[in-house]
Every structure is written in C-alpha cells, then in structure tokens.
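Asks: Sequence:
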Amino acid sequence: SLKNSLADMITGNGYSVNLSGGKLVLNKNNKAVKTFETSFTASPKKYSTSNSISINGRPYLGNMKFTIESSKYIRPINENIPFEDYLKGVVPHEMPASWQTEALKAQAVAARTYSVGSAGKVVADTQSFQVYGGYDWNSKTSSVVNSTKGQVLKYNGNLISAVYSSSNGGYTEASAEVWGGNVPYLIAKADTYDPKTSWSISLNKTQINTSGLNLSSPSTWWNSTNETNSAYLSGLKSWFMTNKYPSAESIKITKISSLSLSSAKTAGQRPKTAEVKFSYFVKEKSNGYVLSNGKLSEKTATISVTTTQLRSMLGGMNMKSTYASLSNNTNAFILSGKGFGHGIGMSQYGANARAAAGHDYKKILSFYYPNTTLSSY
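For the sequence shown, my numbering gives the first residue as 1, with consecutive numbering after it.
If you're looking for bench data, these hints aren't it; they were derived computationally from the structure.
Any given hint could turn out to be false.
What the hints assert, rightly or not - Derived lysine to aspartate or glutamate pairs resembling EDC-like cross-links, with alpha carbons at most 16 Å apart:
#: 1; residue 1: K255; residue 2: E275
#: 2; residue 1: K237; residue 2: E275
#: 3; residue 1: K255; residue 2: E298
#: 4; residue 1: K244; residue 2: E275
#: 5; residue 1: K237; residue 2: E249
#: 6; residue 1: K277; residue 2: E298
#: 7; residue 1: K23; residue 2: E69
#: 8; residue 1: K265; residue 2: E275
#: 9; residue 1: K23; residue 2: E79
#: 10; residue 1: K244; residue 2: E284
#: 11; residue 1: K205; residue 2: E275
#: 12; residue 1: K283; residue 2: E298
#: 13; residue 1: K65; residue 2: E79
#: 14; residue 1: K45; residue 2: E84
#: 15; residue 1: K285; residue 2: E275
#: 16; residue 1: K237; residue 2: E284
#: 17; residue 1: K140; residue 2: E84
#: 18; residue 1: K285; residue 2: E249
#: 19; residue 1: K28; residue 2: E84
As the list claims (entries may be wrong) - Okay, the calculated beta carbon distance ranges per label pair:
#: 20; residue 1: N158; residue 2: V33; range: 45 to 51 Å
#: 21; residue 1: I74; residue 2: S336; range: 17 to 23 Å
#: 22; residue 1: T11; residue 2: K72; range: 27 to 33 Å
#: 23; residue 1: A357; residue 2: D136; range: 42 to 48 Å
#: 24; residue 1: K299; residue 2: I74; range: 38 to 44 Å
#: 25; residue 1: N329; residue 2: T192; range: 29 to 35 Å
#: 26; residue 1: F129; residue 2: N156; range: 51 to 57 Å
#: 27; residue 1: N209; residue 2: S292; range: 15 to 21 Å
We put the beta carbon where it would ideally sit given N, CA and C, even for glycine.
Given only the sequences and the hints, what does the whole structure look like? Please build it.
Replies: Below is the structure:
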C-alpha cells in the first residue's frame, strides 16, 4: 500500500507511469488515474519490509520519487532508505552471497566506507557507483551487514576511498597510476591469493576486406559494412572522432597495422601506455565521403594513450584489465592478461581466497588498505 501525492492509498498491481506533454501520468491498467507536473513521490504507509514498491518486478523499500530527466526519460529515485538497509541491497549484488563470510564482511565494510560519504545524495545503482538491487536481500549478507554495523575504514581520522575491483590478477595497482595523486593506503604490491584469472582478445589486422567493395560508390555499402571486430573498436572510433577528427560523422577502420604496449611499467607492473596505428575511411558531417580521384581515400592514424584509456576504448568487459601483454601472428594482435577491473584496493576474488585460507575480515582489509583503522562512521 502506498500513500502518495494523490492523498489516498493505492494497492496491488497494474500501475505504470508515463510521460505525456511534459508531465507525468500515473495509470492503472493503462487508464490515467492522475496527472502530475514534473515529479511525484510514492511513499509507504510505514517503512518496513512488508511495505514495498516494485518497479519492473524489482521490489524497493522506502519512497520512490519519479522525475523527468532530459525532458524525455522517467527517472525513479529510491529515497529515504536507512543507510544500513541500503547496504543490504548492495552487498549481495557486489559479491556472491555464497562466498566466504569473512570476505562478505570485508565487502560490507568496504561498501559502507565507499558510500557513507554520499548519504543524502542521488547515486547510481550500477557499477559506476555500486550495484544496488533494492529489496533483493539475502539472509546471509544481511547478517553480515548487521554484524559489521557502522564499521568503516579511516586514515588519519578521515574516511578512506575504499575502492575495489573483481580481481587484480596477482598484483594490486597504485591509485596514483590511474587517478593521480598518491594515496598512502592504495599502493601496489603482490597479491598471492588473487586467483589470477586469465583473459585474451584478438584484433584482426584486416578489419574490412576492401577488395570486394565499390570504392567509387560507398553509399551502397557503408551502412551495412562493419569491421570484423566492430564490438571492440566502437569505443576507439568514438574516441578518435571526438579527440582527433571532430568533423567526422563516421569512420570505418580497414586495417590495424600496429598495436604496441610500452615496456615502461606502472608500480603495479602494468604497461603504462599503448599505441595503435590503423587505416580508415571517413564520412564527414559537412562534406560527406572523403574521396581521392573519385574513390574513397584511405587515411592512416596513430593514437597514443594510457593503457587505462585503451581498456576504456576496447571495452572493460573485453579488455578485462590493464595487467596485460601483447603478441601477434600473421592475422591478428592478441592482447592477453590477468584479473578483471582496475586492480586498485581490494580484490574481491582475492578477499574470498584469503577468507578460505582462514583470514578474518580485519586481516583482509588490512592487507588491501594498509595503515587504515577500523572505526565507526
């Protein structure tokens, strides 16, 4: 049951919210019940686990505010949730509830420390901040949140930046190498407990075979022809057009002639920089296809970026970490590496392995965030 801006009660299913004429409309079984301006809030009669509102099948506790975003989207914002209850919706979505209890405790403290400074602010419910699953709790992780209630990590009396990632590949990275600024508790060192899970991706040297294309009439094939590794290259192309060729409407990468990683390493043993040389066709925003003697002109480019930028371009789910090396064969360049994520702070897989070896959560946290103290917020 919900008490809301309608000043009465709504219960049951079948409600929807849509945007019409710049206003929010609440519907029941597709029939308009009430039209609001740019926002309204649905609130429970009483905050409890027996009073929830489900959005697209996912239950939430507390208030749900609906607002208009960018004049075309409806943004639901879950509000007025007790902070520890928020964490109960985070921990099982950041670390599997089946994992070791002491690892889950370490995760709870890290998540609490990471987010307590944002209490009262609107934050994302995705990996860009922390994954939040609403009232999709697990009894084991809820118990872990309760048993560590209020516990956070501090350095010199201040809350730390308790960042974490899935796996560091066997070596933590120093925050200064990725985000700048020396942080004394986010340092590079070997992690013998991280499982060092390997990954690799292959980038073909030939991305588009131009021999069968009519280069005098690119409009006949441009929209239907993509690079062999288009899923990997879309971010690189976007970066290139934004930073190096802003007048381009679109480009097609035909060949990757060179891909290299620097021999210079970060403190965390990752290559510092990367260089990519490629050939491409371009269609400009104002002038259309760039031709030479009536045919598409094949241009070349070289881009030099940090390895972190390269990972962002190729996609963090593809190039899973910067703890990488490079090889090549006749047809392709192969990027191979270990770990998943930025590798700074706590390794979630490493924490679970440490817990399985008998380390308690305090010992786990002291390894990944050295010289910090466990205290209350």
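Asks: Hint by hint, say whether it matches the structure.
Replies: Hint check results:
1. K255 with E275: 14 Å, holds
2. K237 with E275: Roughly 14 Å between the alpha carbons, so the hint for K237 and E275 holds.
3. K255 with E298: 10 Å, holds
4. K244 with E275: Holds: K244 and E275 sit about 15 Å apart, inside 16 Å.
5. K237 with E249: Holds, at about 11 Å.
6. K277 with E298: 13 Å, holds
7. K23 with E69: 11 Å, holds
8. K265 with E275: Satisfied, since the Cα-Cα distance of roughly 15 Å is no more than 16 Å.
9. K23 with E79: 21 Å, violated
10. K244 with E284: This hinted pair holds, its Cα atoms lying about 13 Å apart.
11. K205 with E275: Holds. K205 to E275 sits at ~14 Å (cutoff 16 Å).
12. K283 with E298: Holds, at about 11 Å.
13. K65 with E79: The given pair, whose Cα atoms are some 7 Å apart, holds under the 16 Å limit.
14. K45 with E84: 21 Å, violated
15. K285 with E275: Roughly 27 Å separates the two Cα atoms, so the pair is violated.
16. K237 with E284: With a Cα-Cα distance of about 14 Å, the restraint between K237 and E284 holds, given a limit of 16 Å.
17. K140 with E84: 14 Å, holds
18. K285 with E249: Distance of about 5 Å is within 16 Å: holds.
19. K28 with E84: Not satisfied, since the Cα-Cα distance of roughly 33 Å exceeds 16 Å.
20. N158 with V33: 45 to 51 Å: 49 Å, holds
21. I74 with S336: 17 to 23 Å: 43 Å, violated
22. T11 with K72: 27 to 33 Å: 30 Å, holds
23. A357 with D136: 42 to 48 Å: 30 Å, violated
24. K299 with I74: 38 to 44 Å: 43 Å, holds
25. N329 with T192: 29 to 35 Å: 32 Å, holds
26. F129 with N156: 51 to 57 Å: 25 Å, violated
27. N209 with S292: 15 to 21 Å: 20 Å, holds
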